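Could you slot chain B onto chain A? The hints should help.
Given next are the chains, with one letter for each unit.
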Amino acid sequence: MRFFLFVLLGIFFLASCAKKEIKVLTFAVGGAPNEIDVWEKFVDEFEHNSGIKVNILRQPTDTDQRRQGLVIPLKARKSDPDIFLMDVAWIAQFAASGWLKPLDDYVKEDGIDARIFFSNVVNLADKYKGNLIALPVYVDGGLLYYRKDLLKKYGYTKSPSTWQELVDYCLRVQGDVRKYNPDFYGFVWQGAQYEGLVCNFLEFTGSNNGGIIFEDGKILLNLSENVEAARFMCDLIHKYKISPANTFTEMREEEVRIFFQQGNALFERNWPYAWALHQSDDSGVKDKVGIAPLPHFRSGKSIATLGGWHIGISRYSDAKKESWEFVKFVISYETQKNLTLKLGWNPARKEIYQDKEVIKKIPHFVDLRTIFENTYPRPNLPYYTQISEVLQRSLNAILAGKLSAGVALKKAEEEIQNVTQRYREE
Amino acid sequence: MLPKGTEKSKELIEAYSFISPLLLFILLFIFVPVVGTIVTSWFKATTFLSEKFIFFENYRLLFKDVNFWQSAQFTFLFILVSVPIELFLGILFALVLNCTIPLRGLLRVCVLIPWAIPAAISARIWELIYNYNYGLLNFLFMKLGIIPKPINWLGTSLGAFFSLIIADVWKTTSFVAIILLAGLQVIPEELYAQAQVDRADFLQRFYRVTLPLLKPAIIVVLLFRTIDALRVFDLIYVITSGGPGGTTTSLSLYAYKYFVGGDFGYGSALSVILFLIAFFMSIVYVKLAGFSKEIA
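If you read the protein sequences in the order shown, they are chains A and B.
Position 315, counted from 1, in the first sequence is what the numbering used here calls 315; the numbers after and before it change by one each time, with no gaps.
Position 290, counted from 1, in the second sequence is what the numbering used here calls 290; the numbers after and before it change by one each time, with no gaps.
If we strip away everything but chain A, and leave its shape as in the complex, we get (with noise of 0.2 Å):
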């Protein structure tokens, strides 16, 4: 009996100074189930490599529910997670919160160069008050879809440069297509009442050299370029007739993509994710699809809302130095060329899309590239979820035609003026 319990005791204290000696990072990632799977076989090829054991912490597809999943943890200071992956839309107030652990020391020790990134993504979205506190993994932007086919039936060799062609092209095939195809419409893009919208108006108005305009402290909103262009959205929808009356009720991201994926539209605006699924076998439009950078205003030049994840490391993991290894790890090329060729992502590293594997394999790439250039992200504000709150619904009551645009711009400043106000630093 007393040598059993010699014997348990040693095995605690061996398991106990195991315990001490590996460290095991937790790492916080969701997506799809498909996605996940890559993600567990990226991080057994770091643990083979590297030696630090790495534990995967599943978590939801939905972007609020992730968001959740790390605030908990994060505002009790936990060690755990130690790694995760963030949207763009909320690095800031992460960065605010102080949770982030600052990665210039590493970068410069280890001698990366952020040049090797989109340059616009590091320094607009990647950066708080002057630190590095996280690293692009796969950039997102607003993209043009359009149906090659039509265009060329109808005698159009390029896809339209500005707005007004897009609306010029919409009337006259929309009209003749109709004659076979009553569903049919000229161009559909996300408008309901959530953060889809806001990437969505910020594309318009950027497009007209407009936008949400620091100054002074202060934000502005109500400006003439961005009445135009909210106007011309409303338009879109109530005058012309060419996006569908459900624009402001139900489209997201995915009802846009069904929609053109069944042939039902001539132009989409979406995330470059719905190229594959416009290719894949069951699509309505395999092959007929072209994609191009959005069109512009007469005296604007086009603009993609910045979307895309971002790794970061937490300030209270008990174990930054590895976490650090495995954030090298996931930018490193070969990771981001796998990204790549395995979910079709676009990485955040410049030279993936001049790799010539990957361009055989998805040949569109050479024009992501492009278009990711002229990316702009989203207010970099630790409050910037409340700031979307306000322009989600001021947005979509000028689409339902509640509020004319120059109204519910000039009320939604005011609302916005008071959030800065509440949330401004003393």
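Some hints here could point you the wrong way.
[Claimed, not checked] Listed next, the in silico PhoX-like pairs over lysine-lysine satisfying Cα-Cα at most 20 Å (straight line):
hint: 1; chain 1: A; residue 1: 411; chain 2: B; residue 2: 64
hint: 2; chain 1: A; residue 1: 23; chain 2: A; residue 2: 411
hint: 3; chain 1: A; residue 1: 410; chain 2: B; residue 2: 64
hint: 4; chain 1: B; residue 1: 149; chain 2: A; residue 2: 239
[Said to hold, decoys possible] Here's a subset of chain B near chain A, in silico, CB distances under 8 Å, partners left out:
hint: 5; residue: 133
hint: 6; residue: 155
hint: 7; residue: 195
hint: 8; residue: 262
hint: 9; residue: 263
Please keep in mind that the hints were generated in silico from the structure rather than gathered at the bench.
Since the model is a prediction, treat every value here as computed from it, not as a measurement.
Even glycine gets a Cβ: it sits at the ideal position worked out from N, Cα and C.
Structure of chain B alone, referenced to chain A:
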């Protein structure tokens, strides 16, 4: 035959020791979170700013917040329209299910189905029914020639409001019906027999016998339904997510948006207001029901 003196206090201790697990449970899982939320609501508690005690400042901002008043108005309209319809239909269903009709057992099960479906899923079903492009409603109405072209049901504030009401009524009427059915079954058959002897007609029997004896069950149902309608979240989150233009934002959806955005102080203040409304509603209902009287 109650034991006296020390015997009695001993019994009292015994009684308390029996209910102590429940008390502990209530203390830990209901009292602590409620107090915690109230305390948080006195702070400027965001994740990204230093925490600061501001006492009633969140409430002051709340009462000045137009969107708060709009969601409060929406929530109360939602209660005032949905609960009476559910009660009316629920009584009707309960009366039918209480009759001896063929396949009664099967019918009772069927009525329960909408209530047994998780709210998020039934909301999804309704979202598909209302859908503009491939929704069932537009399809049927167009086939029947009632409308010439599809209608965007969720596109106007009024349309969105009634779409939500219909979905809620569909889902919860069965709950009302089942509770009332249970209430009907405890009404003794002899009372109806006596009423028939007194030559009371059907309506008289309903108003003089059924309704008064059903009152406790009705109050219970009203209490549940009112408070559920006050907290309505999943249905709206899925079907309209507050649109169009924010006109269908319920109070709990509004509070949720602040929690997601990292402003726990303001979100808590909103939750406290919701809690207080629910609390006072419950008191009113319990007083109406006269439960405390019966026990005493």
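* Hints violated by the structure (listed by number, smallest first) -> Per hint list: 2, 7 violated.
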